[in-house]
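Join these two chains into a complex; the hints should help.
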Amino acid sequence: MDKQSYTCVLVSDFNLQNFAGYVANDPEFPGIKPISAPFGQPVATLLNRELPCWRNTPDVALIWTRPQSVVSVFNALLRYETVPLQKVLQQVDEYSSMLINMSQWVRYAFVPSWVLPSYRSVFGVLEMKTEIGLTNTIMQMNLRLAENLARAANIYVLNTHNWIVQAGMQAFSPKLWYLGKIPFGNEVFKAAARDIKAALHGMLGYARKLIIVDLDETLWGGIVGDAGWEKLVLGGHHHLGEAYADFQQALKSMQNRGILLTIVSKNEEQIALEAIRNHPEMVLKLEDFAGWRINWQDKVQNIIDLMTELNLGPQSAVFIDDNPVERARVKESLPEVLVPDWPEDPLLYPATLLSLRCFELPSLSREDLVRTTMYLSENKRRGLKKTVGSLEEWLTRLAIRVQVEELHSANLQRATQLLNKTNQMNLSTRRMSEAELMAWAEQEHHRLWTLRVSDKFGDAGLTGIVSLEIQDRSAHIVDFILSCRVLGRKIEETMLATAIQHAQALGIKNVYARYIPTAKNKPCLDFFKRLEPRFRQQGECFIRDGKQPFPVPEHIELILTP
Amino acid sequence: MHAKITQMLFSVIDELNQLRPPDEHLAKDLETPLAGDSGRLDSAGLINLIAVAEQKAAAELGRPLLLTDDRTLSQVNQVFRTLGTLADYIHLRLNEQNDG
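Chains as they are written, first to last, in this note's numbering: chain A, 1 to 562; chain B, 1 to 100.
Source of the hints: derived by calculation from the structure; they are not laboratory data.
Cβ atoms here follow ideal geometry from the backbone N, Cα and C, with glycine treated the same way.
You may find that some hints are simply not true.
What the hints assert, rightly or not - Each computed SDA-like pair below joins lysine to any residue, with the alpha-carbon atoms no more than 25 Å apart:
hint: 1; chain 1: A; residue 1: K522; chain 2: B; residue 2: N77
hint: 2; chain 1: A; residue 1: K33; chain 2: B; residue 2: L65
hint: 3; chain 1: A; residue 1: K175; chain 2: B; residue 2: D69
hint: 4; chain 1: A; residue 1: K197; chain 2: B; residue 2: S74
hint: 5; chain 1: B; residue 1: K56; chain 2: A; residue 2: G202
Stated by the list, open to error - Part of the chain B face toward chain A, derived, beta carbon under 10 Å:
hint: 6; residue: S11
hint: 7; residue: I13
hint: 8; residue: N17
hint: 9; residue: Q18
hint: 10; residue: L19
hint: 11; residue: P21
hint: 12; residue: P33
hint: 13; residue: L46
hint: 14; residue: N48
hint: 15; residue: V52
hint: 16; residue: E54
hint: 17; residue: R71
With the rest of the complex left out, here is chain B (with noise of 0.2 Å):
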């Protein structure tokens, strides 16, 4: 499932990329700093990859994924701290979905 997951990351990171210059693309690798004090997104940055991955969720591996929860946005720095750390806390829950 991880894999299925850096994969969708990575398609989220393509659509992220039609709307920044070619010199400030992200690049597809799971140490790519997104939110925080290294981060290269900004709020709007921000919104879009939650907006893109929730839907690429849903669609490209067939579960729901809601990342504007209280318990996300209070992590905010932690979870989207790279593309690395956002594809573990996804992970983790999907697989709480598949416990609950």
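Here chain A stands alone, though its shape is the one from the complex (with noise of 0.2 Å):
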């Protein structure tokens, strides 16, 4: 992981000092530089581009409000005053509103939700009454924040709730307010740079895709082996059976929302198989799990295995075990893959889980919800490249589609998480948030394509970008991105051929691919070094004459579409 500390604009109406020295001194990645705006002065920072702050385009922006600083008539409602709630979201819309449009000075916005002092329930019986209750309307408020900043895809309304919950008794300090016009406890901005960290960790590529899980004593209680599946502790009316359950239906949620589940486990395969089939109460079926390596070897050979046939780095991997001297042994020889403490009690299972915080997605695309499905079509792709004799042959029966069309609205969301979260075939690893992708494939002299990649076996979407700036007679490959699910089939060489006749229709003299290591990217170039037909190598830049032709592969049908 890179080592640059992202810069962190902190526009606030409160002393947000306690919250930027969490951020600054915790030496987890991603590494916070907090910039501080002009304290207390939320709405003229906002609406003035030309504030040190703003200058040479921050990474992220904080502006954490309490509501009557930025919606006026808030201060009414606090003296219990009548305001129509029509007025109050109409200044809701208005500040919205500047929150959008300081969103293009930056590359992600956090605005955390208002809450209210827990103290303030002096009226409690009346606090969730519509147009009477304070606690009601500033639920309605958050909501409507929510609905209009959702016009921006980089900004993300952030639950302050939570942070207020695990801070409990000491969230709100009037003895920190009062001395420095600080409102909450420490644990409450402690809880906000943990939650602020993790989303960057996300938004930067850095998501975990992939839980690799045990069985015995871990996805139900009881050993297989020795009890057979009909003892299993699993659901029932038994509080360990229910936990077990829950556990599962906590990793079924993490599969719907494009996290891939697989198993390692010491044990007969046929036994476990039997039992994640036959078991009534298995929440988790055969087809959840992108696969398995259920034998007697060395789970973390099993894990690199699987991690190999799965195309996913170990950066990618949680492992979850209740055996710490399995984690120990994972922990130690692949560094990378998390394996986080596990509790003894299975009770504490399910919301273990539930608590990580690194599988964070900016975005959830079309391809992240049927992500196991991709895989399971992988496997069967796999099964017939067993059973034909060459590549080529292979290649032909699978039929592939390539879908080829330039950078819209409604390609945008999945195209930038695929610029941002691809690491293996990359060429320059540009990080981008969707405004700053769409502004640059806008500009005159830029065209960038996206590749949605199908076959007999499947569909996997968008799996492809590949970008050009022309520069007078010459075309510069700027990205050339391809997601490790579709590695191998030529897709890559479609991706060239399609930015190569474009660039030969212009009347190009050279074509320019300049090669940008970074630790994970190696394949990129071992793929320009062997590539036919060739290009030519100087240093880390790869060349072509704009004259020579680059043909579509033949096995692939390709779609241009407008």
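Dropping the structure here:
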């Protein structure tokens, strides 16, 4: 992971110095360098692009306010004066417009939702009454804010209430407020710092994508090889059984959000699979798992094999096992795999899983939601590969279709996601927000295409990006990005053909591809080195004569969508 | 009681150090200067020290502690000169509670 610090402008009507201290001094990745906006002037700061804090396009802005400082009529509500809800929401709309305008000045913006001090419940029974209760009003304001800000792809409304709950009795600090204009106790700022770092971690492309889970005493209670599947502790009217079922439910919920589930277990494979197929309380079915290694081999080797099969690196994986010896072994041998400390008590399994902060994605695409299906299709492709004589025959029998289209609002979210999280087949490893990517692609001398790949086994979705920058009579390939799910099927060559044929139509003299090395993109360098038809190599730059033809591979059906 | 107060103040220092860069960490030592000319804390640091110390006194010593009254704030540089002077002052205030 990179060592750079990401700049974060802090905009608030209160003192955020303690929050700044926590994020700046937390040694965990990603590093954050706070930049304080003028104290106590959130609206003026949001309206003035010329302020020093907005220079050099900061990576992140945190705009954390009390409601009364940006929605002026809220002051009247605090005095229990009558204000029509419509008037309150109108001011929320105005504030939202300021935030949306500001979001163009940064890559990402975080806006914590508004909260009222929990000690403020003097008219408790009326708190949830519409047009009377302040709690009701503030919930409606937050909902309106979230709906308004959904229009900007790089603004995220954060749930402050979660931080308040985590901080408990120390969440609000009248003492800190009167002494230093700090409304919250430090536990709130710590929780906020954790959440914002976790979100940024995902936005930078480091979200985990894979859970590797053990079976006995982890996915169910008991040892299936000893007890038989009928005697496993799972579901039913038993506190432990319920906890194991809830743990599976939590895993299923992760899978529904695009996280792959796999099994690595020391067991007899047939016995374990029989349990998964036959136990009536199994929440997870065999088709929920993208792969498994169930045998008596070393788990580290099994994990390596499984990740190779799935084309994922160890930095993508989380390993869950009840056995501390197995956890220690994996932690030591595969330090990039996240191995969370796991509780001894199965009643704590679901909460432990759901409190992990390593899966955060900035957006959810169609590809995320059907990821397991895609990997199961991949298993079928591999099965076909074993039955045919040559690579060419396999590729032909896959009946691959590649749909090429330019960047537009409908594919922008997925394209940005792919840009920000692809590490291996990535020429330049640029990281950009949706707004930045669209702005780049819209420039006259820039072209960017997305590629959707499908074959007879299924649709892999939008899995490729190639972009060009035209300078005089030269074309520079800026992005060359392909998901690891479709590597090795000559989609790479199809991407190059798309870009080169476009360049040729413009009468370009040479096409350049400058490889920018990272810790993870050597597969891209290897591809360009062994590519046929060949590129000439000069250092880390690959060059091709613009006049030489570069055909689309014969087995690919190319569909160009305007 | 003095040893317990010292331990409580060391846990306050642990909290405050989370807000500071490693090369500006405060030492868990009774001679560590806090406020005044040679003090290591700015006004925000002092506010945090007071708030966290009051919280921890309640949680770890089971005793209420008030460090924002006129008596304390009128002699800030003496009370908060070092971790040791603060420990002595807290000891004095808690003893006064016993006497009262």
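Here is how each hint holds up against the structure:
For the hint pairing A/K522 with B/N77, the CA-to-CA distance comes to about 60 Å; that exceeds 25 Å, so the pair is violated. For the suggested pair A/K33 and B/L65, the alpha carbons sit about 35 Å apart, so the restraint of at most 25 Å is broken. Between the alpha carbons of A/K175 and B/D69 the distance comes to roughly 12 Å, so the proposed pair stays at or under 25 Å and holds. As the CA atoms of A/K197 and B/S74 are separated by approximately 41 Å, the hinted pair breaks the 25 Å bound.
Proposed proximity of B/K56 and A/G202 is contradicted: the alpha carbons are some 35 Å apart, above 25 Å. Look at B/S11: its Cβ only gets to about 13 Å from chain A, farther than 10 Å, so that hint breaks. Of the supplied interface hints, the one on B/I13 is violated, with its beta-carbon coming no nearer than about 14 Å to a beta-carbon of chain A, more than 10 Å. For B/N17, the interface hint holds, since its Cβ comes within 10 Å of a Cβ in chain A; the closest pair sits about 8 Å apart.
Taken as an interface hint, B/Q18 checks out: its beta carbon lies about 6 Å from the nearest beta carbon of chain A, inside 10 Å. For B/L19, the interface hint holds, the least distance from its beta-carbon to any beta-carbon of chain A being 3 Å, beneath 10 Å. Among the interface hints, the one on B/P21 holds; its C-beta lies about 6 Å from the nearest C-beta in chain A, closer than the 10 Å criterion. Here the hint on B/P33 is broken, as its CB sits about 20 Å from the closest CB of chain A, past 10 Å.
The beta carbon of B/L46 is positioned within 10 Å of a beta carbon in chain A (closest approach about 9 Å), and the interface hint is therefore held. A hinted interface residue such as B/N48 counts as satisfied when its beta carbon comes closer than 10 Å to some beta carbon of chain A; here the least separation is about 7 Å, so the hint holds. Below 10 Å, beta-carbon pairs count as interface contacts, and B/V52 has one with chain A at about 7 Å; its hint therefore holds. With 10 Å as the threshold, the beta carbon of B/E54 comes within range of chain A, its nearest partner Cβ sitting at about 7 Å, so the hint holds.
Interface restraint check for B/R71: the shortest CB-CB distance to chain A comes to about 16 Å, outside 10 Å, so the restraint is violated.
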